[in-house]
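**Q** Now for the letters of each chain:
Number of protein chains: 2
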Amino acid sequence: MKRAHLRILAPLGRAGGPPFRPAVTVQKRVASSQSWRNGNAPLRNFVPVATLAAFAIVTTTSCFYRKDIQAEALAEEAPRKIRMSEVRKHSRRSDTRWVVRDAKVYDITDWIPNHPGGEVILRAVGGVIDQYWDIFSIHKKQEVYDILEQYYIGDVDPRDLVDGHVPQDDVEDPFEEDPPRDKSLKVHSAKPCNAETPVDALDKFITPSEKFYVRNHLWAPRLDEKSHRFTVELPDGEEKEYSLEDLKKFRQVDVTTTLQCSGNRRKHMTEGSRYANGLQWGIGAMSTAQFTGVRLQDVLADAGFHAEDAENDDVKHVQFQGAEAYGSSIPIDKALSRHGDVLLVHKMNGKPLGQDHGFPLRVLVPGHVAARSVKWLKRITLSEEESQSQWQQRDYKCFGPNQSGADVDWSTAPAIQETPVQSAIVSLKDLPKGDRLRQVYGLEEDAIEVKGYAFAGGGREIVRVDVSPDDGRSWTQAELLPDNAVGSKRWAWTQWRLVLPRRLAGRSFVVKAVDEGYNIQPEYYDPHYNFRGNLTSGWHRVPYTNRDYF
Amino acid sequence: MKRAHLRILAPLGRAGGPPFRPAVTVQKRVASSQSWRNGNAPLRNFVPVATLAAFAIVTTTSCFYRKDIQAEALAEEAPRKIRMSEVRKHSRRSDTRWVVRDAKVYDITDWIPNHPGGEVILRAVGGVIDQYWDIFSIHKKQEVYDILEQYYIGDVDPRDLVDGHVPQDDVEDPFEEDPPRDKSLKVHSAKPCNAETPVDALDKFITPSEKFYVRNHLWAPRLDEKSHRFTVELPDGEEKEYSLEDLKKFRQVDVTTTLQCSGNRRKHMTEGSRYANGLQWGIGAMSTAQFTGVRLQDVLADAGFHAEDAENDDVKHVQFQGAEAYGSSIPIDKALSRHGDVLLVHKMNGKPLGQDHGFPLRVLVPGHVAARSVKWLKRITLSEEESQSQWQQRDYKCFGPNQSGADVDWSTAPAIQETPVQSAIVSLKDLPKGDRLRQVYGLEEDAIEVKGYAFAGGGREIVRVDVSPDDGRSWTQAELLPDNAVGSKRWAWTQWRLVLPRRLAGRSFVVKAVDEGYNIQPEYYDPHYNFRGNLTSGWHRVPYTNRDYF
Numbered sequence: 186m187k188r189a190h191l192r193i194l195a196p197l198g199r200a201g202g203p204p205f206r207p208a209v210t211v212q213k214r215v216a217s218s219q220s221w222r223n224g225n226a227p228l229r230n231f232v233p234v235a236t237l238a239a240f241a242i243v244t245t246t247s248c249f250y251r252k253d254i255q256a257e258a259l260a261e262e263a264p265r266k267i268r269m270s271e272v273r274k275h276s277r278r279s280d281t282r283w284v285v286r287d288a289k290v291y292d293i294t295d296w297i298p299n300h301p302g303g304e305v306i307l308r309a310v311g312g313v314i315d316q317y318w319d320i321f322s323i324h325k326k327q328e329v330y331d332i333l334e335q336y337y338i339g340d341v342d343p344r345d346l347v348d349g350h351v352p353q354d355d356v357e358d359p360f361e362e363d364p365p366r367d368k369s370l371k372v373h374s375a376k377p378c379n380a381e382t383p384v385d386a387l388d389k390f391i392t393p394s395e396k397f398y399v400r401n402h403l404w405a406p407r408l409d410e411k412s413h414r415f416t417v418e419l420p421d422g423e424e425k426e427y428s429l430e431d432l433k434k435f436r437q438v439d440v441t442t443t444l445q446c447s448g449n450r451r452k453h454m455t456e457g458s459r460y461a462n463g464l465q466w467g468i469g470a471m472s473t474a475q476f477t478g479v480r481l482q483d484v485l486a487d488a489g490f491h492a493e494d495a496e497n498d499d500v501k502h503v504q505f506q507g508a509e510a511y512g513s514s515i516p517i518d519k520a521l522s523r524h525g526d527v528l529l530v531h532k533m534n535g536k537p538l539g540q541d542h543g544f545p546l547r548v549l550v551p552g553h554v555a556a557r558s559v560k561w562l563k564r565i566t567l568s569e570e571e572s573q574s575q576w577q578q579r580d581y582k583c584f585g586p587n588q589s590g591a592d593v594d595w596s597t598a599p600a601i602q603e604t605p606v607q608s609a610i611v612s613l614k615d616l617p618k619g620d621r622l623r624q625v626y627g628l629e630e631d632a633i634e635v636k637g638y639a640f641a642g643g644g645r646e647i648v649r650v651d652v653s654p655d656d657g658r659s660w661t662q663a664e665l666l667p668d669n670a671v672g673s674k675r676w677a678w679t680q681w682r683l684v685l686p687r688r689l690a691g692r693s694f695v696v697k698a699v700d701e702g703y704n705i706q707p708e709y710y711d712p713h714y715n716f717r718g719n720l721t722s723g724w725h726r727v728p729y730t731n732r733d734y735f
Numbered sequence: 186m187k188r189a190h191l192r193i194l195a196p197l198g199r200a201g202g203p204p205f206r207p208a209v210t211v212q213k214r215v216a217s218s219q220s221w222r223n224g225n226a227p228l229r230n231f232v233p234v235a236t237l238a239a240f241a242i243v244t245t246t247s248c249f250y251r252k253d254i255q256a257e258a259l260a261e262e263a264p265r266k267i268r269m270s271e272v273r274k275h276s277r278r279s280d281t282r283w284v285v286r287d288a289k290v291y292d293i294t295d296w297i298p299n300h301p302g303g304e305v306i307l308r309a310v311g312g313v314i315d316q317y318w319d320i321f322s323i324h325k326k327q328e329v330y331d332i333l334e335q336y337y338i339g340d341v342d343p344r345d346l347v348d349g350h351v352p353q354d355d356v357e358d359p360f361e362e363d364p365p366r367d368k369s370l371k372v373h374s375a376k377p378c379n380a381e382t383p384v385d386a387l388d389k390f391i392t393p394s395e396k397f398y399v400r401n402h403l404w405a406p407r408l409d410e411k412s413h414r415f416t417v418e419l420p421d422g423e424e425k426e427y428s429l430e431d432l433k434k435f436r437q438v439d440v441t442t443t444l445q446c447s448g449n450r451r452k453h454m455t456e457g458s459r460y461a462n463g464l465q466w467g468i469g470a471m472s473t474a475q476f477t478g479v480r481l482q483d484v485l486a487d488a489g490f491h492a493e494d495a496e497n498d499d500v501k502h503v504q505f506q507g508a509e510a511y512g513s514s515i516p517i518d519k520a521l522s523r524h525g526d527v528l529l530v531h532k533m534n535g536k537p538l539g540q541d542h543g544f545p546l547r548v549l550v551p552g553h554v555a556a557r558s559v560k561w562l563k564r565i566t567l568s569e570e571e572s573q574s575q576w577q578q579r580d581y582k583c584f585g586p587n588q589s590g591a592d593v594d595w596s597t598a599p600a601i602q603e604t605p606v607q608s609a610i611v612s613l614k615d616l617p618k619g620d621r622l623r624q625v626y627g628l629e630e631d632a633i634e635v636k637g638y639a640f641a642g643g644g645r646e647i648v649r650v651d652v653s654p655d656d657g658r659s660w661t662q663a664e665l666l667p668d669n670a671v672g673s674k675r676w677a678w679t680q681w682r683l684v685l686p687r688r689l690a691g692r693s694f695v696v697k698a699v700d701e702g703y704n705i706q707p708e709y710y711d712p713h714y715n716f717r718g719n720l721t722s723g724w725h726r727v728p729y730t731n732r733d734y735f
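These protein sequence lines map, in sequence, to chains S and D. The opening residue of the first sequence carries number 186 in my numbering; numbering runs sequentially from there. The opening residue of the second sequence carries number 186 in my numbering; numbering runs sequentially from there.
Among the clues, some could well be false.
Identical copies go unnamed one by one, so any copy, or any two together, can satisfy a pair.
Lysine-lysine pairs mimicking DSBU-like chemistry, simulated, CA-CA at most 35 Å apart [as the list claims (entries may be wrong)]: (1) Lys389 with Lys501; (2) Lys289 with Lys326; (3) Lys582 with Lys674; (4) Lys501 with Lys532; (5) Lys433 with Lys501; (6) Lys674 with Lys266; (7) Lys536 with Lys434; (8) Lys326 with Lys532; (9) Lys536 with Lys501; (10) Lys536 with Lys433; (11) Lys425 with Lys674; (12) Lys389 with Lys582.
None of these hints come from the bench; they were simulated from the model. Please read these numbers as outputs of a predicted model, since none were measured by experiment.
Please put together the full structure from these sequences, using the hints given.
**A** Structure representation (structure tokens):
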């Protein structure tokens, strides 16, 4: 009964539409689609219209996603068999757009305008969607399966299946345009690419661009510098478009910035407390470069939005959208701050951005978690609200040590922006007799050189680095190494070094840093555990005797 | 020989000058003054001038403080006996100004313009200086004794001494104009007054003004609102003077601000690690008020210094001087920040400032350690350098847990400005059956209400407060209570509350807070110990069974 009225709700057939589209309620997806495919479609077209209209009112909420369902779709009994060659014709270049999921074919043409994730869905049309849902795992829930099922038009022809699946050769790889990467990067996931800076590059103040850690949420779009445009959407809805060429008229600014993934050192939280969800990054989800670009506030002013406007306006956030679908936002105050140094950057270490780092244009939000420095910038929106993307609303948040994913209300926790004080040991080295450093430190006896980085969000300078050679029993202050960082505040990490007599070495070396707000790092991981493993900053301990640690 | 040339360096007698002033080298203070008083003054005026001129060049560095020494001063042999009634005539209202130290009389008229501490020295003239040196302990060193000794003119007449000292009745009390104080304040030192807010006022969002903690470095000047003036000194040396009346023309701004002494909770560091120098404050060296005043940047602009000037100028700091001699400074960026809310305030909780809180005008630097919010404002100086006061250069700094006062170089540590995340439990209460809160929390069983404050410097909001009823084994998130704080950022503490079943209570309750930069508090005190006991922020632990804790 419930299914019957849905057929009546469907408008008359649309010319050029798919030949077959069964009507199913969202509550009964699997069973009903099975029964349709088995030819057991019940109750066809003979229930009086008036009765069905009443049902329609009752059940509207359960099918509100549904734009139209064609009456003609009910004409056939058996599911249509569709060749993959036919599916491929219904790509983004076609008026009608199909996708394959689990060897079934769906015409999602009418759904596309309503897709909460926007146009990125066009990446998948004309082919298999499963691998995109592996990336956008938000789709893996009943609610989404139900929506898709409404657009079912047939099954993939068995001649195109191997073991019941479309073979890999016929599945488009969303990552096929990803660039080649430096072999020294420590890869945590290949697709999307997430790879950390090798330890031997972490003791350089500037990270060579090819060794800069890669943190991609999706694929790395291959964009064309000449044709690329990004749009600024003003509070009144007016839009202004800019090319890379257009940005040349603004003052070019250099800023030395450390970017750190919120998951940096997550591995240490897992090891020091209990498993924290996500990639098990070591100390290398963090790198530093000199970036060149233009001030976001200059571009906004050019587009018609001035700092003074913000005082009275309802604009509270600046949202950024990347070409691959990633989205994020920052508070308007950071964007407009005279010393916030938020840039749209096109160069990294004096050369155009690499493809993995947002070529041709990315946002740079110094002092904030790297997740806000959106790559492959496509759109800037001045808004009263934060980005509604999952990455703003769910991924980058922290909860208490007692809370788990099952019981938190994500909306109660603010999105991570500035990050806490952090430090790590990146090398422990015995200094040979006659080493210059032993002379500098006046050590005749056997000595150890300890090196590392220290960093704090919010532009807060590192004022002290304490190093312990004996598990935290005794401490010595490390030498903070000079560098050529530029910027309105201290956006870059501080490299540090300490040379100690070897006889002081205990079981492990430990580091903790202090920033100019006198914030400190926690000693243990348990009390600061959060199930997403964000912002791990417990004291970094490196066993002296384990030479394979790094 | 060395002494002889000093006499020659002295110009001829100044009319109205003191009748006797011996010449001594700074290296030989005690011995030489003794010998002069014993009438054994050697080598008088018969060394040829040419020879003495040569000596003068050699020894200039050891007597550069000395402006003039009068030749006539050498005329007498025995020390002059001076009555205290005579001393009192040489007060700030006299052309010649004397002080008494340790029953000896000094004419410091010529020294006053060179006094590094400025005019505050005028408080002491015409009386005994010892009690001022007890406050300004920086004077208690050989170098200063040596300078003073050059101005010796005689001894206090024995008729005015009791047991060799000027009796207390004849010693001016620097604190005699201090105001009466609320009896509920927990006094740590009476002179100068340092007293903390009683615990029963710490669970109110706004601290009643009379219970606002008092942290005076010196006395509390009693100033006149009508005649009070403060001066703004511009980078080019130009000065502009303002009355309180003048400030009425600027926009009046309200800001709710928590002020916290850097020594708040020092007692916990002493108890949790080892003795930390200074007053042993509990959790009450911290209070919150609604302040009203004018923006410092508006006054600076009126005086001729604009925010844009700071970009190119060499101005790096804004120094503040109080009427009692206290001095301090903040970075220019904070002073000019659009959302920094640095004010010159004349009201606290809607009424004129109390005398202990800077009447008629104090600086308010929200988000920074309270030591920067200079009271009884007399002078604002735009400068390339920080305040050179001991309070800026030495008192408010932090060092590593291994460092002691004996081995630190104060100049290597930055002056504390922003403060780290902090929290405390201010009450633990059994909720009686039928209590409204037990109903709100849905607890039929016996319950405990825990309340407290949480705060972070830099305008960083508190995003989470974790409370443990069992020494840190398990945690629950406290309810963050709403309030009516106003200001560009979060400058006020957050009051929090949690109601728990009593059966969960272990040995002690613990609190730790997290700010929006995801900074956290250290679990223990040892690793963050600093010998000055500044910025204590280890987890606050309150024994459940000790009802006398607060």
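**Q** Against this structure, judge whether each hint is valid.
**A** Against the structure, the hints:
no., hint, result
1, Lys389 with Lys501, "between (37 Å within a copy, 30 Å between copies)"
2, Lys289 with Lys326, "within (17 Å within a copy, 90 Å between copies)"
3, Lys582 with Lys674, "both (25 Å within a copy, 21 Å between copies)"
4, Lys501 with Lys532, "both (28 Å within a copy, 31 Å between copies)"
5, Lys433 with Lys501, "both (28 Å within a copy, 32 Å between copies)"
6, Lys674 with Lys266, "neither (63 Å within a copy, 62 Å between copies)"
7, Lys536 with Lys434, "within (19 Å within a copy, 53 Å between copies)"
8, Lys326 with Lys532, "neither (40 Å within a copy, 58 Å between copies)"
9, Lys536 with Lys501, "both (33 Å within a copy, 34 Å between copies)"
10, Lys536 with Lys433, "within (15 Å within a copy, 55 Å between copies)"
11, Lys425 with Lys674, "both (30 Å within a copy, 31 Å between copies)"
12, Lys389 with Lys582, "both (30 Å within a copy, 30 Å between copies)"
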